[in-house]
Amino acid sequence: MTSATKPVSAKSASVTRLGKHQARMGYLFIMPTMLLFAVFMVIPVGMALYLSFTNYDVLSSNDWVGMDNYRRLFGDDLYWKTFVNVMIYAVVFVPLNVLISLLLAILLNRAARGVKALRTFYYLPTLTSAVAAATVWIWMLHPEYGLVNGILSLFGITGPAWVSQTDTAMLSIIMMTLWQSVGSNMIIYLAGLQGVPDYLYESARLDGASKFDCLRYITWPQLRPTTFLVSTMSIIGALQLFDQAFVLTQGGPANATKTPVYLIYQQGFNQLQMGYASSQAFVLAMAILVFSLISMKINKSEESIV
Amino acid sequence: MKKQWKIVWSMIVVIGLLAGCSGGSGGSSGGEASGGKTVLTFWGDWGGEGQEQIQTMVDAFNKSQDKIEVKYALQQDVVTKFLTAATNGGTPDVVFWDRWRTALYAPKNVLHPVDEYLERDGVNKEDFYEEALKELTYEDKLYGLPLTVDARALFYNKKMLEEAGLEPPTNWDELEAAAKATTKWNGTKLETAGLSMGDPGLFNMYLQQAGGTMLTSDNTMNVNNEKGKAVLDFWGRLLNEDKVYKIGFEDGLGEGTDAFVTGKVAMLYTGPWMLSTYDKYGKDLEYGIVPPPAGPNGDKGSVMGGFGLVIPQGSKHPEEAWEFIKWWTANKDNAVLWAKTSLNMPGFKPAFEDPFFADDPKWIPFMETLEFAKTRPTHPGYSVMEENAVIPNLELFMQNKQSAEETLRLSQEQGDKQLKENAVAR
Chain Y
1 MTSATKPVSA KSASVTRLGK HQARMGYLFI MPTMLLFAVF MVIPVGMALY LSFTNYDVLS
61 SNDWVGMDNY RRLFGDDLYW KTFVNVMIYA VVFVPLNVLI SLLLAILLNR AARGVKALRT
121 FYYLPTLTSA VAAATVWIWM LHPEYGLVNG ILSLFGITGP AWVSQTDTAM LSIIMMTLWQ
181 SVGSNMIIYL AGLQGVPDYL YESARLDGAS KFDCLRYITW PQLRPTTFLV STMSIIGALQ
241 LFDQAFVLTQ GGPANATKTP VYLIYQQGFN QLQMGYASSQ AFVLAMAILV FSLISMKINK
301 SEESIV
Chain D
1001 MKKQWKIVWS MIVVIGLLAG CSGGSGGSSG GEASGGKTVL TFWGDWGGEG QEQIQTMVDA
1061 FNKSQDKIEV KYALQQDVVT KFLTAATNGG TPDVVFWDRW RTALYAPKNV LHPVDEYLER
1121 DGVNKEDFYE EALKELTYED KLYGLPLTVD ARALFYNKKM LEEAGLEPPT NWDELEAAAK
1181 ATTKWNGTKL ETAGLSMGDP GLFNMYLQQA GGTMLTSDNT MNVNNEKGKA VLDFWGRLLN
1241 EDKVYKIGFE DGLGEGTDAF VTGKVAMLYT GPWMLSTYDK YGKDLEYGIV PPPAGPNGDK
1301 GSVMGGFGLV IPQGSKHPEE AWEFIKWWTA NKDNAVLWAK TSLNMPGFKP AFEDPFFADD
1361 PKWIPFMETL EFAKTRPTHP GYSVMEENAV IPNLELFMQN KQSAEETLRL SQEQGDKQLK
1421 ENAVAR
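Residue numbers (this note's numbering), protein chains in the order written: chain Y, 1 to 306; chain D, 1001 to 1426.
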């Protein structure tokens, strides 16, 4: 360790002055985004919290009703059913999402010919609108003339009425959202895979590890940060499911695919009960927060090893 | 330093410009055009062909007089825009309005009553369908005039019924027989469904045919009784014993691949809005229309819907808006012109005397149906009650996951809850 050539206090003084100036510049640069964030995110969230204690209906009433909305919420069976629906969805969707996109990324993580084109094709569904995708998927899932049941009938299975039967409606949504989202998560995993050092594989290969062992003991642990990102985003997205439930099944059949956001939309915009809808939205936000924290706790206990 | 400050200042200027340019678009209320004409803003969510049809009427009105000019502005989501405009100004002067929304919006004082105009100009209420006027009324005040009326009738495939040697059904027994005779199965695949049962929302219509009503006169649920049971027993027989339909059979089929057009469904309940689709895509389709069959005790039922024209409370030209509404809805020639342009039935009864209706056999079953069709109850929670309480239970019943008794009991309980929570004036 060499000793400093300048006195410590003088060095730190000029460093702090420069640091302060840079900090000021930094704040100035992020000010526009922070302003937009405050106006379009923070303030509306605060207003929604306030409105959840009123009976606001946009047009005529805005009186304070205290905890009435929340009390009504606890007795609202349909609201809790939507939570159950979205939990079932999340429990099936998130692991499948992580798994399939990881496998796709590993499959396409090579410099073979045509790999770039394949990556593009797998990513394309992410760009489709939910309505366009739903129109095609409803057709594919038709019980008599759809593609899915046509393929199943080749194996002698009479496929169900995917979208209309209560037991398979959620599966239809899961299929469609998986198709739409594995592409973007695959890209994230590809990026993560680039960061796995080659020498780990080489040394493992030298020690006689099989391909599967490499996957299990090197790739998967190295990708923990990426998996954490993908799974947390998946969970948050899953709990906010709306588009596909709205266009594919309209919340049916028999409320099997009604999601909390769908109910909030219905109560707020169709029934004009914005106060109640705000309280529903807040409970949902708390639930998402809780599950994200749980997800973080699970992933945090395993730091990535370099 | 100087260069850094230049960058910062230019950034601030750019941001300021962007913030300024993002200010309001569209949707301003009417004003004065050059030449002293009052300009009315007219909102609706009919686009494409519908927009052309509306524009025909708007142009005809503008040509017929030179004091008022109406401009039709297509709004994709007219209800949400209306909500925003009602609170922030920029309300239109006339809105193309789905009548059943009146029960939800009228209590909030966003619509302008028209009773005084009716009296002043001598417009006769008897000339309009009573049910349609009821739908536009709240607390004895009328909030607009009916523009179109529609009701469901039974459409049937003539060839299929002839092959089965049957006449179009006039009651439930005949309907069941016709449905059974025209259904064709190929192993486990359904090729032709005798009767479409894909819409549990038609429960209201079937209940009326069984002699019941969805709500009692003081707006509580009225389905858990022998009339509701009669409907569910009928549906259960059709689905499970006669097997005239398969759940999900008509999913995703529409327009060119519509199940009725392509001969996959022999009979179904639908309304005049499908006439243009059937005529356009059904080159090989020969269809007939009869009023809905009567129930076991001879009761007839159908649900009437349709659009009206209303004046928002925030409009600055209610008198001129009324002139436009009166011209379109309460005038026989204009009502017939509207019917010819859009193939919709007008709400103005005298228009049906015109040869366009009287001479065309297509319209006669609808006119007969309109005589006994009823509109949906004017409770603001009615539609959410159907969607969240009744239809989900019916869907469970139709998929054999719930008994009829349980279905009726739950529909009643959950329906009452929805009605209570969505009642007027909390």
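The set of hints was computed from the structure by calculation and includes no laboratory data.
One or more hints might be untrue.
Not close to chain D: a few residues of chain Y, all C-beta gaps over 12 angstroms, as computed [unchecked claim]:
id	residue
1	G19
2	H21
3	M25
4	L35
5	G46
6	K81
7	N109
8	Y145
9	L178
10	I218
11	G251
12	A256
13	A285
Across the chosen pairs, the derived CB separations fall in these ranges [unchecked claim]:
id	chain 1	residue 1	chain 2	residue 2	range
14	D	W1005	Y	M34	17 to 23 angstroms
15	D	G1050	Y	Q250	49 to 55 angstroms
16	Y	A132	D	G1090	30 to 36 angstroms
17	Y	N62	D	M1011	36 to 42 angstroms
18	D	W1273	Y	Y123	38 to 44 angstroms
These figures come from a predicted structure and were not determined experimentally.
Glycine residues also receive a C-beta, built at the ideal position from the N, C-alpha and C atoms.
Status of the hints after comparison with the structure:
| no. | hint | result |
| --- | --- | --- |
| 1 | G19 | holds, 16 angstroms |
| 2 | H21 | violated, 10 angstroms |
| 3 | M25 | violated, 7 angstroms |
| 4 | L35 | violated, 8 angstroms |
| 5 | G46 | holds, 19 angstroms |
| 6 | K81 | violated, 10 angstroms |
| 7 | N109 | holds, 37 angstroms |
| 8 | Y145 | violated, 8 angstroms |
| 9 | L178 | holds, 20 angstroms |
| 10 | I218 | holds, 46 angstroms |
| 11 | G251 | violated, 8 angstroms |
| 12 | A256 | violated, 8 angstroms |
| 13 | A285 | holds, 22 angstroms |
| 14 | D:W1005 with Y:M34: 17 to 23 angstroms | holds, 21 angstroms |
| 15 | D:G1050 with Y:Q250: 49 to 55 angstroms | violated, 22 angstroms |
| 16 | Y:A132 with D:G1090: 30 to 36 angstroms | holds, 32 angstroms |
| 17 | Y:N62 with D:M1011: 36 to 42 angstroms | holds, 39 angstroms |
| 18 | D:W1273 with Y:Y123: 38 to 44 angstroms | holds, 40 angstroms |
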